[in-house]
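Asks: Take a look at the letters that make up each chain.
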Amino acid sequence: MIFLGLSLVGSLHAQFQPVDGLPFLREHESEQLDKQALSFYQAIQPLAESLKHTSVGIEHRGRRLALGTVTSVGVVSKWSEVMRYRDTLTYRLPTGERVRTRPIGVIEEFDLVILSAPEELKSLDISSSKGMGDAQIGEFLFVAGPGGEAHSLGVVSVAPRSLRESDKAYLGVVMDMQYAGEGVRIRGVQEGTTAAKADLRANDIVLEINGEPLKGALEMGNILQQMKAGSEVTIRYQRLQQEQEINLTLGGRPQFQDQAQGRIQKMQKMGATLSKVRSDFPNAMQSDMPLDPEDCGGPVYNLEGEFLGIAIARASRTKSYIIPADELAELLTPQETTPSIAEEVEPDAANELNEEEGLPIAKAEIEPERAQLVDPEGLVSPEKLHKLIEQKRKELMLLEQELIEQQGRLNH
Amino acid sequence: MNLPIYLQFKQTSLLIGCLSIATTLSTSPLSAQQSAQDTIPKISNTDTLKTLQNSVTEIIPKVMPATVCIVSPRTGASGSGVIVDPKGLILTASHVIEGEEEVTVLFPDGRQQTAKILGANFTKDAAMAQLVSEDAEKLWPYAPLGSSDDLNIGEFVIALGHSEGFDPVRTPPVRFGRIVSMNATRFLSSDCALIGGDSGGPLFNLKGEVVAIHSSIGRSAMANNHAGVDGFKEDWEELKSGKIWGSLSMHPFVNSESPVVGFEISTTQSGEVIVVRVIQGGPAEQAGIQNGDIIWEVGNERIESNHTLLKELSRHQPGKPIEMVIKRGDVLLELAVNSLKRSDFYKP
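Protein sequence lines, in the order shown, are assigned to chains H and A.
With the numbering used here as the guide, the letters of the first sequence map in order to residues 1 to 412.
With the numbering used here as the guide, the letters of the second sequence map in order to residues 1 to 348.
Worth flagging that the hints you see were computed from the coordinates, not collected in a lab.
These figures come from a predicted structure and were not determined experimentally.
Keep in mind that the hints are not guaranteed to be accurate.
Below 30 Å or equal to it, Euclidean Cα-Cα: the simulated DSSO-like pairs (lysine-lysine) are [unchecked claim]:
no., chain 1, residue 1, chain 2, residue 2
1, A, Lys347, A, Lys62
2, A, Lys207, A, Lys240
3, A, Lys240, H, Lys228
4, A, Lys207, H, Lys168
5, H, Lys35, A, Lys138
6, H, Lys215, A, Lys62
7, A, Lys207, H, Lys215
8, H, Lys197, H, Lys276
9, H, Lys52, A, Lys138
10, A, Lys320, A, Lys62
11, A, Lys327, H, Lys215
Listed below are several chain A residues computed to face chain H (Cβ distance under 8 Å; list not exhaustive) [unchecked claim]:
no., residue
12, Glu102
13, Leu106
14, Pro108
15, Gln112
16, Lys116
17, Leu118
18, Ala193
19, Ile265
20, Val275
21, Arg277
22, Leu309
23, His316
24, Asn338
25, Leu340
Computed footprint of chain A on chain H, listed as stretches where at least three residues anywhere in the stretch have a Cβ under 8 Å from a Cβ of chain A [said to hold, decoys possible]:
no., stretch
26, 47-58
27, 137-145
28, 196-203
29, 231-243
Glycine residues also receive a C-beta, built at the ideal position from the N, C-alpha and C atoms.
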């Protein structure tokens, strides 16, 4: 919501620039709209100021890559945005002092990294704010920045949910979309799925799921997807005029090809710069806040100053994702933070950095890449190797994407 | 809206000498600015924000059940729609139901129902459908209709819709924003970010009334275009009776329903917009506009180019008088000029 951008706030009185796609925008009204947008940010400013100690800017040579949220286990940030420079990351303490930081844990499925932090910073963690909020749809929220400013403003668009297809229940039938009679006719059954095990067959007509009569195929698909993988259901169906009832345990939905078609993909990027990693989070709240990728990792608050979660991705023109506070509380309990890839580094290793801002960090200090490939025993387990390959593949993909984006910019 | 400056115009007679005008001229655009300032609400502190937030969170549960997804049974393509009466009348965008006789309607809870397509006016991207039920007495969740003509620039609005298609584990995403411009043929733009799948979905005012239907987007994240419900109201009976007409123009200003006053214009060396031909029998002639007149203001907005003239004229509704200020020689004249639908003016 509320974009600051008709003409940027910094240049309120600058020459009126026509906005692409808004031929009817009047110049004097555009100025007023800018001031109105600014008034939102100004109204939130005192609250943002009181929460700035829970946010840090994660930098590489003076350039901000992401924001970080101060927690009792370290600074939590967005892994894919900082991964490339993981050996040369810094942030400033509230005192203004710049410190070096290193990954001490990664939670890959949420694209989160835990960065080392000195005790003095950890004591300023988010739990020192007004507690955790339970967000309501339509509630206003913002990302608090380290300078006491609100970074983006939005409303809760959708309550927290899993974005993973595999968390949705799956029966394993192909439904006949042309069938117009009562119930839903099965056209085919996929091998190895719940439906096959339960001996459902082509031409069976599903009449009820859990006692609820079905109006059509779309409805049946929706009801199944609303259930979690592993749920038990009772299905009433008709075969050769005989009605039967069976109890089944549903499987998980296979990962289908990304269904976003070309046109939607184009629209997703209109008026927005998207995060590189922006899908498949196991638990995320959706907001319309126009999050910039470099504001990901920052703490999200409501108007009461309650912590709602960590901004994790700008996913399209219309949506940004936030990892909810209660999910984080669970993820960050010490036993859950087993570092998967990154080298474990003692928190004290967050050495003070006595370099001038922007000074290149000596190459010798960068951890040799190989060090991460070897287990303490000198052996690499197949699982770990597999994970590492996955990790490297992901990194390569991100680099490629970045390269393509850069080239795209040059070509314009 | 009548500004005080125009009351003065009227009191001192229509003809004003050159010298006395000089000051009036420079203050008139300024007064328009002040009026905009007055009508655009600003946020002074977090309490104002919380009040605003509370009206948003109160409205959503009331209107969300009426925000439906519309799926083409032939192609599987989807858009959105909104139920506006308890008997199941749906408003949507014409491009969502183009070529369909019947569609599948999905409710936010995942349930499905069939709807019959009624009428459509493609010029306004407006369409109507009727939910079909075995139970004739069935009452549907609905959202009340408001007015789009009454919207102000900067007024807060809420957009709902089934973005990027129906998702059974997600309710239609809520977006909050403001009206940023009033456009031609009762279209309007807001900064509630829209995307494919939202088309046909509702835009609500802070009373929870449907004020517009999502239609299209521009490149800028600010450019989200909606068809105002007063355009639907104007065509209500025809839409309900199943009439299908019009065509969506690619030109933002000109279509068969945009207003025409009946003059041809050019630009003077100093950049003013000058009338070069008045079409006989047209509204401009009837209002007394003559060749050589300079178009000074339209609807209180100063006209600085052909582009602004076209833009300001096309925001008006045909059939309603447009307030214009004409400069003839050293004199400013205030006129009310009628307008006709382009399709009525240029009859084949």
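Asks: Each hint: holds or not?
Replies: Right, here's what the structure says about each hint:
no.: 1; hint: A:Lys347 - A:Lys62; in the structure: violated (46 Å)
no.: 2; hint: A:Lys207 - A:Lys240; in the structure: holds (26 Å)
no.: 3; hint: A:Lys240 - H:Lys228; in the structure: violated (42 Å)
no.: 4; hint: A:Lys207 - H:Lys168; in the structure: violated (36 Å)
no.: 5; hint: H:Lys35 - A:Lys138; in the structure: violated (48 Å)
no.: 6; hint: H:Lys215 - A:Lys62; in the structure: holds (25 Å)
no.: 7; hint: A:Lys207 - H:Lys215; in the structure: violated (34 Å)
no.: 8; hint: H:Lys197 - H:Lys276; in the structure: violated (39 Å)
no.: 9; hint: H:Lys52 - A:Lys138; in the structure: violated (54 Å)
no.: 10; hint: A:Lys320 - A:Lys62; in the structure: violated (35 Å)
no.: 11; hint: A:Lys327 - H:Lys215; in the structure: violated (66 Å)
no.: 12; hint: Glu102; in the structure: violated (11 Å)
no.: 13; hint: Leu106; in the structure: holds (6 Å)
no.: 14; hint: Pro108; in the structure: violated (10 Å)
no.: 15; hint: Gln112; in the structure: holds (4 Å)
no.: 16; hint: Lys116; in the structure: violated (15 Å)
no.: 17; hint: Leu118; in the structure: violated (21 Å)
no.: 18; hint: Ala193; in the structure: holds (4 Å)
no.: 19; hint: Ile265; in the structure: violated (18 Å)
no.: 20; hint: Val275; in the structure: violated (23 Å)
no.: 21; hint: Arg277; in the structure: violated (26 Å)
no.: 22; hint: Leu309; in the structure: violated (13 Å)
no.: 23; hint: His316; in the structure: violated (12 Å)
no.: 24; hint: Asn338; in the structure: violated (22 Å)
no.: 25; hint: Leu340; in the structure: violated (21 Å)
no.: 26; hint: 47-58; in the structure: violated (count 1)
no.: 27; hint: 137-145; in the structure: holds (count 4)
no.: 28; hint: 196-203; in the structure: violated (count 0)
no.: 29; hint: 231-243; in the structure: violated (count 0)
Of the numbered hints listed earlier, those contradicted by the structure are 1, 3, 4, 5, 7, 8, 9, 10, 11, 12, 14, 16, 17, 19, 20, 21, 22, 23, 24, 25, 26, 28 and 29.
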